[in-house]
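Can you make the complete structure from the sequences, with help from the hints?
Residue numbers (the numbering used here), protein chains in the order written: chain A, 1 to 297; chain B, 298 to 511.
Just so you know, these hints were derived from the structure itself, not from any lab.
It cannot be assumed that every hint is accurate.
Covered stretches of chain A (in silico footprint by chain B; criterion: 3 or more residues with CB under 8 Å from a CB of chain B, positions within the stretch not fixed) [stated by the list, open to error]:
| # | region |
| --- | --- |
| 1 | 35-46 |
| 2 | 66-77 |
| 3 | 175-186 |
Okay, the calculated beta carbon distance ranges per label pair [as the list claims (entries may be wrong)]:
| # | chain 1 | residue 1 | chain 2 | residue 2 | range |
| --- | --- | --- | --- | --- | --- |
| 4 | B | F498 | A | D132 | 39 to 45 Å |
| 5 | A | D132 | B | D474 | 54 to 60 Å |
| 6 | A | R19 | B | S379 | 40 to 46 Å |
| 7 | B | E317 | A | G14 | 28 to 34 Å |
| 8 | A | Q60 | B | L503 | 49 to 55 Å |
| 9 | A | V35 | B | I332 | 18 to 24 Å |
| 10 | B | A414 | A | S172 | 48 to 54 Å |
| 11 | B | Q424 | A | R19 | 18 to 24 Å |
| 12 | A | V99 | B | A487 | 22 to 28 Å |
| 13 | A | T38 | B | R427 | 31 to 37 Å |
All values reported here derive from a predicted model rather than from experimental measurement.
Note that the Cβ used here is the ideal one computed from N, Cα and C, for glycine as well.
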Amino acid sequence: MTAPFLGDALGPRGRRQTRIITAISAAVIVGFIVVALTRLADKGQLDAAKWEPFTQWPVQKFFLLGLKVTVEVSLVSMVGAMVLGTILALARLSQTAVVRWVTTLFVEFFRGLPLVLLIFFCALGLPSYGLDLSVFWYVAIGLIVYNGAVLGEIFRAGILSLDRGQSEAAYSLGMGYWQAMLLVIIPQAARRMIPAIVSQLVTLLKDSSLGAAVAFEELLRRGRINGEFFGNMLQSLFVVAVLYIVVNFALSMLARRLEVRQRRRYKAGAIVVPGAGMDLALMGAQGESAEIADSTT
Amino acid sequence: MNVVFDNLDVFLQGMRRTVELSVLSFIFAFVLGVIVAGLRVSPVPPLRWASATYVEVVRNTPLLVLMFMVVFAFPSIGFTWSFFLSAVVVLTAYTSTFVGETVRSGINSVSKGQVEAARALGLTFPQVLRLVVMPQALRTVVGPLGGIFIALLKNSGVAVAISVSELTSAATQVGTDTAQFIPAFLGAAAAYLMLTIPSGFATGWLERKVAIKR
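So this is what it looks like as structure tokens:
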């Protein structure tokens, strides 16, 4: 697409209309912002006193430590989920039918559940069955099981997306199943899956905020505590949102860049996993449209 | 499993709430998302920027942050809504960004010749979008939209954190009351699957029904 919008360059009348609508819509948007700010000011939400705490180091440190916990639980869960996902993907491609069925059942079950249900089960249910861990691990277990199931599907799709000739060539060179898998298939499949993995990391990081609902002191929980303490909930949650957006936006950009680079280099779209959650549904849609666009040009 | 059958009314009530939350939010999110997608491809720069900003900001904010914002912070600027309404508002806003991005990808998949032909016939931009591009774009994204609805069914569980008595909340309540968490959560899990699996089938059916044979 050359034009930033749909369709050809407009004629003189279209350009004139566009200019008029541009002026009107800009005025409406500015008006909306002014009304919102006036409302905030009227309610005293723009007072210096509400924002002043964020200039103090102890408050900043409180938030940064929350962000650290969020990043920690996300990274630990991501690593755990990738290990689990690899096992599940290999088990689902196993030559033994029973192993395949059991893993399919496991994956479909946990992928179909809301993550919040799993986290609540871990935090409320596991202690009553004698499994006493810190709340960090309850949240992490929920995240690992759910994302492990999702990543398992991504990995399986990645392995299956490779040309059959690759494994056939490996077998004809005398390699065994595991040799072919480890030396030929997985190294190539892994590269294709990187954008999907980064995108899943964004989802996981956002989802780790569910820990706040089970008294896990990560970024969001700390934002609420700070808001209650200083009586500036709106401002505290705003700061929390900004921190999440900055981290996620950077990761999303990375995922998008990786996907574009990959498409150019390997002439293959993103790994598409139907029904894996909103972010992945989105990637699927984008991958599909790119393929359609490629075939029409 | 007696725990589930003894508390069947709690689960059914929760299931109803989950369906209400999801269906209402999806209808609003669909309308909003189509508008957002239309604005993002419009020839008017401020509208493009505004919709792009909306999508990137809302999409990258965790759902629970949005919920806490509406429930705990909005009353301080004069918006006090019920928990259910707050949940619908947040789920709508969050889901609309995903619908918007998906529909936009559908718009991009409509071949350029279609737009050029429509322009050559003298249609204006809104007409091109409404009469030519959208009908084709929406057909191609039925599958992804179904995926978004299923994700929305699951996301509606987050409303448990703001005291909406939906399915996750039913599981928590029954589990805490009876101290039998495994059956209670399995019951809720089964209920969720009873909602998501038929939704998947319905999506597949709809996809086939609206497909254009080329």
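Results for each hint:
Counting residues of the region 35-46 of chain A whose beta carbon lies closer than 8 Å to any beta carbon of chain B gives 4, which meets the minimum of three for the stated coverage. For the region 66-77 of chain A, the stated coverage by chain B is not satisfied: 0 residues place a CB nearer than 8 Å to a CB of that chain, which falls below the threshold of 3. Chain B is given as covering the region 175-186 of chain A, and this is violated because 0 residues of the stretch bring a CB closer than 8 Å to a CB of that chain, at least three being needed. Against the hinted window of 39 to 45 Å, the Cβ-Cβ separation of F498 (chain B) and D132 (chain A) comes to about 42 Å, which satisfies the hint.
A hinted range of 54 to 60 Å for the beta carbons of D132 (chain A) and D474 (chain B) is inconsistent with their spacing of about 22 Å. With their beta carbons about 44 Å apart, R19 (chain A) and S379 (chain B) fall inside the hinted range of 40 to 46 Å. Against the hinted window of 28 to 34 Å, the Cβ-Cβ separation of E317 (chain B) and G14 (chain A) comes to about 44 Å, which falls outside the hint. With their beta carbons about 50 Å apart, Q60 (chain A) and L503 (chain B) fall inside the hinted range of 49 to 55 Å.
For V35 (chain A) paired with I332 (chain B), a C-beta distance near 20 Å keeps the hint of 18 to 24 Å intact. Taking the beta carbon of each, A414 (chain B) and S172 (chain A) are about 51 Å apart, inside 48 to 54 Å as hinted. At about 19 Å, the beta-carbon gap between Q424 (chain B) and R19 (chain A) stays in the expected band of 18 to 24 Å. Separated by about 24 Å at the C-beta atoms, V99 (chain A) and A487 (chain B) satisfy the suggested range of 22 to 28 Å.
Checked against the hint of 31 to 37 Å, the C-beta distance between T38 (chain A) and R427 (chain B) comes to roughly 35 Å, which is consistent with it.
Going down the numbered hints, you'll see the structure goes against 2, 3, 5 and 7, while the others check out.
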